[in-house]
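2 protein chains.
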Amino acid sequence: MTIDSKPVFGKVALIGIGLIGSSMAHGIKRGGLAAHVAGYANDPNVLEKARHIGFADSLHDTLEPAVRDADLVVLATPVGAFGPLAKAMSAHFKHGAILSDVGSVKTAVVRDVGPFVPDHVHLIPAHPIAGTEQSGPEAGFAELFDGRWCILTPPPGVDAAAIATLKTFWQRMGSQVEIMDPKHHDLVLAITSHVPHLIAYNIVGTAADLETVTESEVIKYSAGGFRDFTRIAASDPTMWRDVFLNNREAVLEMLTRFNEDLSLLQRAIRWGDGDMLFNLFTRTRAIRRSIIDAGQDSAEPNFGRGKKKP
Amino acid sequence: MTIDSKPVFGKVALIGIGLIGSSMAHGIKRGGLAAHVAGYANDPNVLEKARHIGFADSLHDTLEPAVRDADLVVLATPVGAFGPLAKAMSAHFKHGAILSDVGSVKTAVVRDVGPFVPDHVHLIPAHPIAGTEQSGPEAGFAELFDGRWCILTPPPGVDAAAIATLKTFWQRMGSQVEIMDPKHHDLVLAITSHVPHLIAYNIVGTAADLETVTESEVIKYSAGGFRDFTRIAASDPTMWRDVFLNNREAVLEMLTRFNEDLSLLQRAIRWGDGDMLFNLFTRTRAIRRSIIDAGQDSAEPNFGRGKKKP
Numbered sequence: 001m002t003i004d005s006k007p008v009f010g011k012v013a014l015i016g017i018g019l020i021g022s023s024m025a026h027g028i029k030r031g032g033l034a035a036h037v038a039g040y041a042n043d044p045n046v047l048e049k050a051r052h053i054g055f056a057d058s059l060h061d062t063l064e065p066a067v068r069d070a071d072l073v074v075l076a077t078p079v080g081a082f083g084p085l086a087k088a089m090s091a092h093f094k095h096g097a098i099l100s101d102v103g104s105v106k107t108a109v110v111r112d113v114g115p116f117v118p119d120h121v122h123l124i125p126a127h128p129i130a131g132t133e134q135s136g137p138e139a140g141f142a143e144l145f146d147g148r149w150c151i152l153t154p155p156p157g158v159d160a161a162a163i164a165t166l167k168t169f170w171q172r173m174g175s176q177v178e179i180m181d182p183k184h185h186d187l188v189l190a191i192t193s194h195v196p197h198l199i200a201y202n203i204v205g206t207a208a209d210l211e212t213v214t215e216s217e218v219i220k221y222s223a224g225g226f227r228d229f230t231r232i233a234a235s236d237p238t239m240w241r242d243v244f245l246n247n248r249e250a251v252l253e254m255l256t257r258f259n260e261d262l263s264l265l266q267r268a269i270r271w272g273d274g275d276m277l278f279n280l281f282t283r284t285r286a287i288r289r290s291i292i293d294a295g296q297d298s299a300e301p302n303f304g305r306g307k308k309k310p
Numbered sequence: 311m312t313i314d315s316k317p318v319f320g321k322v323a324l325i326g327i328g329l330i331g332s333s334m335a336h337g338i339k340r341g342g343l344a345a346h347v348a349g350y351a352n353d354p355n356v357l358e359k360a361r362h363i364g365f366a367d368s369l370h371d372t373l374e375p376a377v378r379d380a381d382l383v384v385l386a387t388p389v390g391a392f393g394p395l396a397k398a399m400s401a402h403f404k405h406g407a408i409l410s411d412v413g414s415v416k417t418a419v420v421r422d423v424g425p426f427v428p429d430h431v432h433l434i435p436a437h438p439i440a441g442t443e444q445s446g447p448e449a450g451f452a453e454l455f456d457g458r459w460c461i462l463t464p465p466p467g468v469d470a471a472a473i474a475t476l477k478t479f480w481q482r483m484g485s486q487v488e489i490m491d492p493k494h495h496d497l498v499l500a501i502t503s504h505v506p507h508l509i510a511y512n513i514v515g516t517a518a519d520l521e522t523v524t525e526s527e528v529i530k531y532s533a534g535g536f537r538d539f540t541r542i543a544a545s546d547p548t549m550w551r552d553v554f555l556n557n558r559e560a561v562l563e564m565l566t567r568f569n570e571d572l573s574l575l576q577r578a579i580r581w582g583d584g585d586m587l588f589n590l591f592t593r594t595r596a597i598r599r600s601i602i603d604a605g606q607d608s609a610e611p612n613f614g615r616g617k618k619k620p
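Respectively, the protein sequence lines represent chains A and B.
Okay, so the first sequence: first residue is 1 according to the working numbering, each after it adds one.
Okay, so the second sequence: first residue is 311 according to the working numbering, each after it adds one.
Treat each hint with caution, since some may be false.
[Stated by the list, open to error] Far from chain B, by Cβ distances over 10 Å, these chain A residues were calculated:
1. G10
2. H36
3. H60
4. A81
5. P115
6. P118
7. D119
8. P155
9. P156
10. V177
[Claimed, not checked] Just so you have them, the derived chain A footprint on chain B, three or more residues with Cβ under 8 Å:
11. 433 to 444
12. 518 to 527
13. 588 to 600
Quick caveat, the hints were computed from the structure, so don't treat them as lab data.
Ideal Cβ positions, reconstructed from N, Cα and C, are used throughout, including at glycine.
Extracted from the complex, chain A is given alone in its bound form (with noise of 0.2 Å):
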């Protein structure tokens, strides 16, 4: 790899400054890939928190100072958000910026935001796959992007230089760039963050609903993986419920595939059918392995978490 420590652009704008917005700050900030960073968010405490904890060179309650002059803007709202800001900041590009996105599903944001796009802005939007159970600016740290992947989908027939742009800076932010159909973008994502997202939130929501077990015990006993359904249960609300609402048909789909399987499970343990049982459970064990060997998640025992010595 080749250093190079010059600033990828000259200004960029955030539109958003939470967990996703701040840790890119952070980010541009450690590789120096911005002269300027412009923070904007509507609530008042949220630009409060960002101004204390200082990794935005500027801070915008209005679209317009944010966003003149930026070469690159990302919106970092929750996705149904987006439309709407579009639509405000659409007079105010700088001409020839590069227009992008850090939302979790792909084919709606050239549906809602594309109609808003000047000829002159190319509009690429993209997907960092990292993010923790935890929302706001104080959330947010530089290191949330390595190792991770960071999926383009560029509508057809966008500038090839400012995608080249665009990869360069999301490596520089130390993640490994992938171009992709925004559809099968939405398919993947369906399978492995939207519906998992979905099944943790409803078990959750079950549990919290039974009259035979109190919530005070399913408290108390979570530590046999009820627990770790809790802390992807506690994502963002409103990220969550913008995510479902726009990726609908691939959510859909991969839910019935998943309810075609459950059935085949609860049959087997309906009927005894240990070998079945075994047999699918050894498979997921490989796959654990492999994610493990790919680097995208740690082999430390993480459900004794907070107890073993280092």
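We have chain A; now place chain B onto it with these hints.
Same frame as chain A, now just chain B:
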């Protein structure tokens, strides 16, 4: 808490020295809870690893010398083996010994083990709610039970002094102890542990079987949530097969509830009911906070694991 450094038992026999058995051995040594720890395994490789690590005072590939003179005998194999093991040990128990276990199901233990327990032996099933996704004698560590709950499910009429002794043993192992009816235990664990594991195994299986998304894509982009499910789905296949075969009724009951709730969520996505989604996602977040407040998990953002500077 009164500090007591006297051993609770003269000899403890651990029948099975995988993750839980070996962690108990380490915990017994740490706390000085027994004068002698005997370990039994039928696999020569497991015995060799245990010998190398050195957590037991004696190691055995036959039951009789392990159980002989033991004040506490703990079944720590997958629960499917409990019945045959109890039968084989039956003639060798010390007079007045406590026979316990660490299985994740409890009504099945009384059903399978009960018939082979001599009158002079106290059967007190137990379930420490602790574990990691790893298996084998090399995976164990003394701190595994610290701050976790251990549930005892003594059958009616069991000697109160024996219960008190076993309670002291687990408390000095670092755990908090609860007495529970075995049927209720199985219901609580079905929702807090067994069904969560089942749906984790299921989604990992679904993802591996898709024809529209490749397995290598699933692995590459697993940081969006999927990798957490693979961790849960990496737990020991034999142990979990036996759990589902031996807690059939409660697991199927909880699965029915899970499926009902999932249908509602599916419908909300199909019809774009954002309020329903948002309300659920907000409720589940609150339960997460309760688990952290109860000391059953850490607030440290684990999704960014291995990346955040301490």
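Now the hints, each set against the structure:
Against chain B, the non-interface label of G10 of chain A holds: every CB pair exceeds 10 Å, the least being about 28 Å. The Cβ of H36 of chain A lies farther than 10 Å from every Cβ of chain B, with a closest approach of about 25 Å, so its non-interface assignment holds. The Cβ of H60 of chain A lies farther than 10 Å from every Cβ of chain B, with a closest approach of about 27 Å, so its non-interface assignment holds. The beta carbon of A81 of chain A is kept farther than 10 Å from every beta carbon of chain B, the shortest such distance being approximately 13 Å.
Every CB of chain B is more than 10 Å from the CB of P115 of chain A (nearest about 20 Å), matching its label as outside the interface. With 10 Å as the threshold on Cβ separation, the claim that P118 of chain A sits away from chain B holds: the shortest Cβ distance comes to roughly 30 Å. Non-interface status of D119 of chain A relative to chain B is upheld: no Cβ of that chain comes within 10 Å, the nearest being about 32 Å off. Annotated as non-interface, P155 of chain A keeps its C-beta farther than 10 Å from every C-beta of chain B; the closest such distance is 21 Å.
With a closest Cβ-Cβ approach of about 21 Å to chain B, P156 of chain A is found to remain outside the 10 Å limit, as its non-interface label requires. At roughly 12 Å, the least C-beta separation between V177 of chain A and chain B is larger than 10 Å, which holds for a residue marked as non-interface. Only residues whose C-beta sits within less than 8 Å of a C-beta in chain A count toward coverage, and the segment 433 to 444 of chain B has 6 of them, enough to reach three; the restraint holds. Figure legend: the segment 518 to 527 of chain B, annotated as covered by chain A; annotation consistent (7 residues with Cβ-Cβ distances under 8 Å, at least 3 required).
Only when three residues or more bring their CB closer than 8 Å to a CB of chain A does the claim for the segment 588 to 600 of chain B stand; here the count is 11, and the claim holds.
Of the hints listed earlier, there is not a single one the structure fails to meet.
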